[in-house]
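Just so you know, the protein sequences line up as chains A and B, in that order. All residue numbers for the first sequence refer to the working numbering, where the first residue is 1 and numbers rise by one. All residue numbers for the second sequence refer to the working numbering, where the first residue is 160 and numbers rise by one.
Treat the hints loosely; a few may be bogus.
As the list claims (entries may be wrong) - Pair by pair, the computed Cβ-Cβ distance ranges are: (1) A/140 x B/307: 29 to 35 angstroms; (2) A/21 x B/300: 45 to 51 angstroms; (3) A/99 x B/349: 38 to 44 angstroms; (4) A/130 x B/243: 53 to 59 angstroms; (5) B/244 x A/90: 36 to 42 angstroms; (6) A/137 x B/300: 54 to 60 angstroms; (7) A/101 x B/347: 52 to 58 angstroms.
If you're looking for bench data, these hints aren't it; they were derived computationally from the structure. The model shown is predicted, which means the values in this text are computed figures rather than measured ones. The beta carbon of each residue, even a glycine, is placed where N, CA and C say it ideally should be.
Residues per chain, in single letters:
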Amino acid sequence: MITKNKKAQTGDMLMVFAFIFLLFIIGTGIYFGTSLFFSSNYDFRKIDAELLNKKLLSCFKENNLNLENLESLKGEISTLCKINPQVVKDYMLIIIFKDSSIEPFLKIGKGDETSCLLEDKNINFPKCITSEIVKSYNNQKTTLKIITGSNQNSREKLA
Amino acid sequence: MVLVVEEAVFKMSRIVFFRKFPNLIHEKEKTILEHNKNQRFLCHQNMKYFEVIKNSEHALEFISRVLDMNKKASQTLWENTIYIVLAVVFFSTVLYFVLNNQFGSSFYENYYSKEISRAINLAKPGDNITLDVQKATEIAQKNKLQSFSEIFSFDNTNNEICVKLSLGRKKCYSYFNNVGITNLQLKLAEPINILSFTITEKQEQLN
C-alpha cells in the first residue's frame, strides 16, 4: 500500500517536466510570433562596413598617408581620416594588405580575414567589405587591399 | 473546517502528552491555578477532553490519521507552490518581452539609432542634419515617456547615439566618424516632429 502510494507520488512529481515542456512550447510560440510580427532584427553591419570602407578609401585618395610607419598610420587614420579608433577597436575591423603580401600590414579591431570570408556561415562573424586602391609612393605604385568589417549591434542600456 | 480540525488535533496531542506524563499535568495545573484564572479555565477544558477520551482505544489512531492527512496536505501545497512560482516566472518573462515589443518600440529604437549613426558617419563638420522623427515621438507618447527630450541623446565622448522609446531602457549605437554633435533640437509640429543637430569638429582627440 505504502509502496504504491510512493510510486504515485513519484509520478505526480514527474508531471512538473510536462508542465515545463508546456511552458517552453508556449514561450517559443510567443517569442517567434512577436519577433515575426514586429521583425525586430535590423541588421546594419554590412552598411556600417561599407561606410567605413568608403571613408577609408576617400581618405587614402585625398591624403598621403604614411605607409612606412605603422604607428604613424594608425594616428593618421584617427586624425586625418577622422575615424574613432576606440569604436573601431570595440565593434569594427580594419585590415590593410600592402601589395600582394599575405600578412596584413595593418589590423585594428576584432576578427580577421577568415572570419570575414565565413560571414555567411556564422551570424556572429563580422560582415565585411573589401576594396582596393592603387597609390603612388616615391614613384612606386602600391596596391592596398582594404577590408573593413562590422560586428556592431545596438546595445540595450538602463535609462 | 481546517481550523477546527487543527484545534482538535492540538488538544488531542496535549491529551496524549498528559496521558504519558501525568505528573507534568499535575505540576502544570498547580502553576496555572496559582497564576492565572483564564489559564485555569483552559486547563480544565483540557482535562474534560482527557476525561472524555482517556479510555478510548481509537484516540491515538485518530490523531495519527489526522496528522498524516495534514502531512499530505502540506506536500500538495508544496507541489502547487512550485507550479505557481514557475508559472509566475514564465508569464512575467513573457509579459516583459511582449511589453518591450509593444508598439514596435524595440524595433524603432534599433532603427533610429542605426539610421542616425549612418547619417553622422556620412556627415562632415559644419553639416546640419534634419530628420523626420514623427514615428519615434508617437511611440514614445504611447509608451508614456515623460519628456520628448529624453528620446534622443548623444554621447560625444564615446561617439554614441542612444534612443529611448519606452520606459526604463534605451538602445545605443556607436558611430565611427570622429565628430562632435551640438545644437540638438527636437522641433514639434513643423508640420511633423523633426530632430535637428549640427556636426562639429571633435574637441578632444582620443588615443
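Q) Between residue 137 of chain A and residue 300 of chain B, does the beta-carbon spacing fit 54 to 60 angstroms? A) holds, 57 angstroms
Q. If you check the beta carbons of residue 244 of chain B and residue 90 of chain A, does the distance land in 36 to 42 angstroms?
A. Given about 40 angstroms between the Cβ atoms, the range holds.
Q.
Just to be sure I understand the hint, the distance between the Cβ atoms of residue 99 of chain A and residue 349 of chain B should be within 38 to 44 angstroms; is that true here?
A. violated, 54 angstroms
Q) Per the hint of 53 to 59 angstroms, is the separation of the Cβ atoms of residue 130 of chain A and residue 243 of chain B within bounds? A) holds, 57 angstroms
Q: Indicate whether the distance between the beta carbons of residue 101 of chain A and residue 347 of chain B respects the range 52 to 58 angstroms.
A: holds, 56 angstroms
Q | Outcome of range test on Cβ distance (residue 140 of chain A, residue 307 of chain B; 29 to 35 angstroms) | A | violated, 57 angstroms
Q | Outcome for the supplied range 45 to 51 angstroms, where the beta carbon pair is residue 21 of chain A and residue 300 of chain B | A | violated, 41 angstroms
The structure is inconsistent with the numbered hints 1, 2, 3, although it conforms to all the rest.
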